[in-house]
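From first to last, the protein sequence lines are chains C and S.
Here the first sequence is numbered in the UniProt record's numbering, starting from 1 and rising by one per residue.
Here the second sequence is numbered in the UniProt record's numbering, starting from 1 and rising by one per residue.
By construction, these hints were calculated from the structure, which means they are not laboratory data.
One thing to keep in mind: the hints can contain errors.
Listed below are the simulated DSBU-like cross-link pairs for lysine-lysine, each with C-alpha atoms no more than 30 Å apart in a straight line [to be verified]: (1) C/LYS105 x S/LYS182; (2) S/LYS182 x C/LYS60; (3) S/LYS209 x S/LYS121; (4) C/LYS224 x S/LYS87.
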Amino acid sequence: MKKIIFSAVAVLVLGFMSACGGDDNTIEIGTQTYTDPKLMAHIVEGLIEDQTEYEVNITKDISASPQLITSIDQEELDIATLYSGEVYNNHFDEDEVEYSTDTEKTLTQAQQLFNEHFDFKWYDSLGFQNKYTIAIENEFAEANNIETISDLEPYAGELRFGTDGSWLERSNDGYRAFQEAYGFEFADARGLQIELMYEGVESDELDVITAYSVDPQILELDLKVLEDDKNFFPPYSASLVTRNNLLEDDPQIDEILSSLVGTIDEETMTQLIYEVDINERDEQEVAQEYLQEQGLIE
Amino acid sequence: MEVLMDYIEFWQERYPSILEYTWQHLFVSLVSVILGAVLAIPLGIYLTRIKSKAIKNITFNVTNIFQTIPTIALLALMIPLLGIGMKPAIVALFLYSLLPLLRNTFAGIQSVDPEVIESAKGIGYSPIQRLMQIEIPLAFPYIMSGLRITTVYIISWATIAAVIGAGGLGGMVIAGLGFNDKFLIFTGTIMAVIMALIADFLMGILEKKVAYK
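All chains should be built: construct the whole structure from the sequences, respecting the hints.
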């Protein structure tokens with residue numbers, strides 16, 4: 001009996017170790033909790049499995065981008081979708097990175113700094129951004145003739161505001177900086193999960209939210225994205241990111257990832273996310289369908 | 001050393017919001033535990049007074065089930081009923097506090113030696129007098145240890161309430177994870193630890209003071 005238990009434990013331990021070790025034939029992709037990186041992961045998976053011998057394993061719902069960056073650095077993950085504004089998230093010393101809301105400059109800085117300090121290859125933009133925006137209900141906007149964020153000022157004192165977990169504390173592009181740039185604050189500001197933010201609007205517990213620009217709930221809940229007239233929000237252009245050493249080992253991966261640069265615009269991505277978030281379809285199925293429509297796989 | 005200076009600067013800059021998060025956390029935790037105690041302690045005593053096994057079983061099983069629902073799931077279940085913010089968080093944490101309080105109260109009262117009760121009866125104590133002057137004082141260490149454990153747990157669990165907009169120290173941790181701010185993560189964590197330790201310490205003092213009277 002003892003022997004059986006011993007060997008069972010040994011098998012389990014060995015199995016666990018090999019599962020963690022990650023063999024050379026598997027490409028590990030990690031995603032954040034939201035839908036666009038998940039779709040990108042399945043798009044990349046579809047192409048890699050179609051064109052190479054590699055197998056792809058996707059780890060979803062990693063709570064924040066900095067954790068993805070650490071994992072890629074430690075070679076636990078290989079590929080992720082990251083956003084250019086990430087470069088301002090405390091990864092580098094203040095004198096190395098210059099805060100800017102310029103799209104080009106932000107992307108170039110991300111590419112350079114992550115290459116220098118992490119030895120990452122940060123590709124050019126996939127073609128869409130997923131940035132913070134301020135959104136309110138269309139009905140309210142029309143009734144009060146609100147087009148820009150500045151137009152909100154007279155009403156702000158009565159508006160309940162909801163945002164994601166980190167925006168309240170972000171330094172360059174968070175709530176504190178927002179108050180300085182626009183000169184007003186909302187009646188009540190609370191951080192919560194993104195899905196709950198939309199539920200809050202739907203159940204009329206929130207009036208203003210920081211919607212992400214590709215969120216299909218903007219269409220679904222009839223929200224209006226206000227014009228950022230003070231040019232406050234930095235760009236978050238989506239790019240695929242991987243380690244340089246992975247590409248040196250296998251140029252085929254580079255070919256595949258490069259081929260996706262500039263191919264998906266915001267409207268297309270919103271449409272794909274709509275299929276998943278609103279029509280509740282499977283992410284992999286939607287990604288597969290997209291690849292077939294584009295003629296990228298059979 | 002430089003890190004320490006940076007950290008001090010971080011506090012100087014952020015202390016109003018750190019205090020606000022701490023206050024939200026304290027409020028949510030305390031209200032949950034107090035509500036839990038107000039319901040569970042009398043209920044625990046009541047359960048020692050009734051004969052029906054079925055009622056006891058049902059009560060313990062129901063509170064046991066609350067205890068086993070994963071925190072994040074219970075919070076999510078609260079939202080359709082109570083919306084977002086502090087209300088659903090307090091209700092969820094209140095439900096979690098019931099079992100340990102109930103069990104400890106029940107066990108405490110049960111542990112009182114029946115002979116002591118008999119002699120109290122003999123010298124003419126009324127049921128209320130017996131409860132207030134003999135059973136509760138003798139069961140007090142049990143009840144207090146239930147209260148202490150529950151408070152420490154609830155303070156720790158309250159961190160997760162930030163995902164449903166209740167704020168609190170969990171908000172700092174989640175924000176810190178979101179944009180890689182280690183000070184924010186550290187501060188949220190350490191404040192929750194300190195709060196739990198202080199709460200436990202204060203209740204320890206209270207327990208001694210009352211017990212030796």
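For the pair supplied as a hint, C/LYS224 and S/LYS87, confirm whether the alpha-carbon distance does not exceed 30 Å.
holds, 29 Å
Taking only the CA atoms, is the gap from C/LYS105 to S/LYS182 under or equal to 30 Å?
Holds, because 26 Å separates the two Cα atoms, which is no more than 30 Å.
Checking one constraint from the list: CA of S/LYS209 to CA of S/LYS121, max 30 Å. Satisfied?
holds, 28 Å
Please verify whether S/LYS182 and C/LYS60 have alpha carbons no more than 30 Å apart.
holds, 23 Å
Of the numbered hints stated above, none is contradicted by the structure.
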